[in-house]
Structures are given as C-alpha cells and as structure tokens.
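S.K.: Required output: the full structure, derived from the provided sequences and hints.
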Amino acid sequence: MIKVSPAQMRVVREILSRRAPGVEVRAFGSRVDGAPKEHSDLDLAVVAPAKLGIAALEELREAFAQSDLPFRIDVLDWNAISDEFKKVIEGKYEVVQRAEEDNGGRGGA
Numbered sequence: 025m026i027k028v029s030p031a032q033m034r035v036v037r038e039i040l041s042r043r044a045p046g047v048e049v050r051a052f053g054s055r056v057d058g059a060p061k062e063h064s065d066l067d068l069a070v071v072a073p074a075k076l077g078i079a080a081l082e083e084l085r086e087a088f089a090q091s092d093l094p095f096r097i098d099v100l101d102w103n104a105i106s107d108e109f110k111k112v113i114e115g116k117y118e119v120v121q122r123a124e125e126d127n128g129g130r131g132g133a
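Using our numbering, count along the sequence shown one by one with no gaps and you end on 133.
If you're looking for bench data, these hints aren't it; they were derived computationally from the structure. For glycine and all other residues, C-beta sits at the position ideal for the given N, C-alpha and C. Only true hints are included.
Restraint ranges, calculated between C-beta atoms of paired labels, are given here:
(1) 42 with 95: 17 to 23 Å
(2) 74 with 122: 17 to 23 Å
(3) 92 with 112: 28 to 34 Å
(4) 105 with 30: 27 to 33 Å
M.R.: Quick look at the structure:
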C-alpha cells in the first residue's frame, strides 16, 4: 500500500494521466516499504517502452513541483537507471498507473 492520502493519490494520478499517459508508473521507497515521515518524498519510476526525453521528464517533474502536494515527488526513467537499481525497485513496488495495451509506442509524455 502506498502511504499517501486518497486525495493526494488522486493528484498524483491526474498528473500522470496528463504527462505520462499510457505507461506504467511504479511507486517505491519509504512510502511503499517503510515508515515514511509526513514530508518524505514519493519515489516514482516511469516504465515506458523507450527512454523518456529530457523535456518530457522535466515537464513531469515540474508538474509535480507545481502541485499542492505537501511532499516532493522524485521521478525516474526506468530506461535510464542501472540494472542493480531496477532489482532494488522490483523487490518492493506498487503500480500507480498501469500501461495501456496499445499506447502507440509513444513512450510516455
């Protein structure tokens, strides 16, 4: 279970649906497997078919920064992290947004 309020999760999902439509997004870190503090960040990995462009990733990060969420969102591109880090995430994560069957190969935002 992701340790954020239902209202906060609605904001996260709304931003993802606009900025990273059709791709899987996984939450990991202390808000999934630990005891987060009130202002602990929420770690997200965008699992797109291809590496996200720098502009798309920055737009997503900026949308979260401009939101009213009381904590930081740390967004990572699954295709840009090491295999070792992927294994850590795969050990414990929750899916925030599921991939669409046919996203047209857009690879995210």
